[in-house]
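Take a look at the letters that make up each chain.
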Amino acid sequence: MPDWGRNTLELMVQELQHPVRLDDSFNRRVMVRVRRIYAERRHRSIIGWLGAAASISRRPAWAAALAAGVVAVVSVSLLHGPNKPSLPAGQTIPVQFVLVAPEARTVAVVGDFNNWGLGDTALVAVNHNGVWSVSAPVHTGVHRYAFLVNGKQWVADPTAPRAADDDFGQPSSALVVEASTQ
Amino acid sequence: MQGPTGMESSDAALVARVLHGEVNAYSALVSRYRDKYARYAVHMLGNREDAEEALQDAFTRAYRSLARCEDPERFGAWLFRILVNRCRTSGARRVRRGQTFVHDETALLNASEEHPAEQTMWREEIERALGELSADQREAFLLKYVEELGYDEMAEITGVGVSALKMRVMRACDRLRVLLREVHSA
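Taken in order, these protein sequences are the chains called A and B.
In terms of my numbering, the first sequence is residues 1 to 182.
In terms of my numbering, the second sequence is residues 183 to 368.
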């Protein structure tokens with residue numbers, strides 16, 4: 001490498017390493033977005049287009065995934081219907097999570113409804129001849145979740161819509177829990 | 183942000199406070215990383231407006247998925263990975279819009295005041311040369327030499343193998359030498 005080239009690159013890097021200053025208005029703009037997300041989570045009042053998607057009617061996908069060897073079925077009781085009910089704040093609905101994974105040693109369910117398993121909050125599934133299942137009350141609203149296999153493998157539910165934020169290195173699925181009209 | 187003992191709170195402590203509902207604690211994390219990561223975004227995207235948007239987006243996405251940050255003590259590294267992804271997305275979108283790489287006007291205005299004219303010209307040459315690189319090469323060059331990351335860290339952040347990253351850095355350096363030499367020869 002010629003000295004001229006090396007020196008030029010060094011000068012270039014020095015120039016590029018000068019700090020870029022942002023002012024406090026940047027913080028304010030970020031915090032407006034953050035507080036909006038916080039408020040949305042607290043009130044759990046959002047029902048979006050996912051309403052009909054995470055329903056138990058996705059049985060054909062369940063069968064297709066079974067053939068692949070790793071299958072998950074989320075059975076959300078009283079989940080769907082043409083007339084969406086209003087969502088009383090704080091109402092919970094029992095949800096059964098099922099994962100068919102004969103080779104797995106452990107299976108747990110982690111999601112935003114249990115703080116993604118932080119602080120031992122993961123839902124530990126019980127093994128029935130390779131069919132792992134666990135039930136838990138989940139608040140009405142839109143949720144993201146995944147199966148944690150063997151304590152480290154993050155598996156999205158193949159029968160549910162993939163959640164939008166998948167650029168964190170771990171896939172997750174979307175779940176809508178609605179109140180019963182029955 | 184100062185803790186009860188006057189010591190600055192660690193990333194892990196701030197993350198824990200946010201996860202326990204103290205949403206304003208997140209502002210301290212924003213203050214801690216905004217300038218450091220703004221530099222990368224500005225150089226990667228070539229203008230301040232897109233850079234600030236990408237950085238805002240990264241902070242927002244990080245907040246939304248904060249419970250998935252496996253090692254809160256390394257929140258900064260986790261956030262940076264998100265930012266690198268946002269810059270890729272933003273850069274790809276800009277290419278689809280047919281925008282060209284433009285220099286950062288604010289950075290030029292903030293250039294050294296010792297020899298303002300020469301400094302501004304030099305800064306323009308640098309930004310123009312950087313903009314001539316492919317996005318992959320620019321990303322690798324900035325991570326290696328400006329952010330001073332090791333190749334293993336770069337691989338972790340970008341998801342690209344070490345060998346490929348070394349090749350991108352080498353080609354970026356070769357290309358930059360040619361581009362800057364052309365400027366001086368003109």
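Be aware that one or more of the hints could be misleading.
As the list claims (entries may be wrong) - Straight line, CA to CA, 25 Å or less: simulated DMTMM-like cross-link-like pairs of lysine to aspartate or glutamate:
| # | chain 1 | residue 1 | chain 2 | residue 2 |
| --- | --- | --- | --- | --- |
| 1 | A | Lys-152 | B | Asp-253 |
| 2 | B | Lys-218 | A | Asp-24 |
| 3 | A | Lys-152 | B | Glu-300 |
| 4 | B | Lys-348 | B | Glu-329 |
| 5 | A | Lys-152 | B | Glu-252 |
| 6 | A | Lys-152 | B | Glu-255 |
| 7 | B | Lys-348 | B | Glu-252 |
| 8 | B | Lys-218 | A | Asp-23 |
| 9 | B | Lys-348 | A | Asp-24 |
| 10 | B | Lys-348 | A | Glu-15 |
| 11 | B | Lys-348 | B | Glu-338 |
| 12 | A | Lys-152 | B | Glu-329 |
| 13 | B | Lys-218 | A | Glu-15 |
| 14 | B | Lys-218 | A | Glu-103 |
| 15 | B | Lys-348 | B | Glu-300 |
No lab work stands behind these hints, which were simulated from the structure alone.
For this session: With a cut-off of 25 Å on the C-alpha distance, tell me whether Lys-348 of chain B and Glu-338 of chain B pass.
Result: Holds, at roughly 14 Å.
Exercise. Does Glu-103 of chain A lie within 25 Å of Lys-218 of chain B when you go C-alpha to C-alpha?
Worked result: Violated, at roughly 45 Å.
Problem set entry | 25 Å limit on alpha-carbon distance, applied to hinted pair Lys-348 of chain B and Glu-15 of chain A | OK: Lys-348 of chain B and Glu-15 of chain A at ~22 Å, within 25 Å.
Exercise. Quick one, are Lys-348 of chain B and Glu-300 of chain B close enough, alpha carbons at most 25 Å?
Worked result: Distance of about 32 Å is beyond 25 Å: violated.
Exercise. If you draw a straight line from the CA of Lys-152 of chain A to the CA of Glu-300 of chain B, is it 25 Å or shorter?
Worked result: Given pair Lys-152 of chain A, Glu-300 of chain B is violated - Cα atoms ~55 Å apart, limit 25 Å.
For this session: Below or equal to 25 Å on CA atoms is what counts here, so check Lys-152 of chain A against Asp-253 of chain B.
Result: With a Cα-Cα distance of about 14 Å, the restraint between Lys-152 of chain A and Asp-253 of chain B holds, given a limit of 25 Å.
Exercise. Are the Cα atoms of Lys-348 of chain B and Glu-252 of chain B separated by 25 Å or less?
Worked result: 28 Å, violated
Problem set entry | Pair hint outcome, Lys-152 of chain A versus Glu-252 of chain B [Cα-Cα no greater than 25 Å] | 11 Å, holds
Exercise. Hey, Lys-152 of chain A versus Glu-255 of chain B, does the alpha-carbon distance stay inside 25 Å?
Worked result: 19 Å, holds
Exercise. Is Lys-152 of chain A close enough to Glu-329 of chain B, meaning Cα to Cα at most 25 Å?
Worked result: Violated. Lys-152 of chain A to Glu-329 of chain B sits at ~30 Å, over the 25 Å cutoff.
For this session: Starting from Lys-218 of chain B, check that the Cα of Asp-23 of chain A is at most 25 Å away, please.
Result: 13 Å, holds
Exercise. Straight-line Cα separation of Lys-348 of chain B and Asp-24 of chain A no greater than 25 Å?
Worked result: 37 Å, violated
The structure fails hints 3, 7, 9, 12, 14, 15 (numbered hints given earlier, in ascending order).
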